[in-house]
Amino acid sequence: MERYSKVGMQELDQRLSKIVEAARKKPVSVYRYGAPWVWIVSQDDWQGALKEVSSYIPAGHSLVLLRPQIEEVLDQHREWLVAESAMSIAPHTVLQILLLQLLYSVPSEQQLHEQLNYNLLFRWFVGLDLNQKVWSIHVLTRDIATLLNNPRAVQLIQKIIGDVFCGALLHMPEFSLNFALLHTWLARHGNTSITSN
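Numbered as in full-length UniProt numbering, the sequence shown ends at 197 without a single skipped number.
Since the hints were made in silico from the structure, they are not lab data.
Here are the computed lysine to any residue pairs in the SDA-like style, where the Cα-Cα straight-line distance is at most 20 angstroms:
no., residue 1, residue 2
1, K18, Q43
2, K159, W185
3, K159, H189
4, K159, L100
5, K25, E11
6, K159, N149
Input sequences plus hints: build the corresponding full structure.
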């Protein structure tokens with residue numbers, strides 16, 4: 001049984017009140033010229049869809065499985081992260097964004113910003129709901145630069161990669177870790193070692 005109904009524009013014009021009433025029980029897809037055009041959904045369905053990004057993320061995804069370990073490392077350093085008050089985005093969140101850039105080899109901050117707009121996995125990982133607006137590219141690039149200028153932040157990223165990911169990467173084909181980018185960040189602060197504990 002389908003979880004939604006389908007109607008055409010002509011039928012919508014003729015039976016609007018009945019179709020809207022039916023949409024309170026299950027979503028209705030309105031077709032125009034034979035192709036999906038708009039959906040009619042109840043307020044409850046709409047609100048439910050907007051709040052639950054996590055419902056779209058597979059429970060067995062590697063990022064889901066490793067997130068508790070990532071959070072544990074970040075929690076150990078939360079005190080000084082909170083002290084980074086010059087940033088618009090929480091430093092904890094910027095670190096998560098930079099981890100995504102490394103893990104998925106996102107080549108630029110512009111593309112990283114685009115991914116945060118439409119990639120549900122990225123949104124879930126950094127704590128954005130479906131209806132939350134992503135920060136402007138200007139704010140994102142500025143806060144990334146601020147964090148990458150802090151040697152402690154770069155060392156923390158290195159620690160997470162070393163402690164959480166390095167041993168598991170061979171078994172996780174969805175990641176394509178950009179070691180060159182991490183090396184570049186480390187080299188800015190005179191540290192070029194990438195180790196795994």
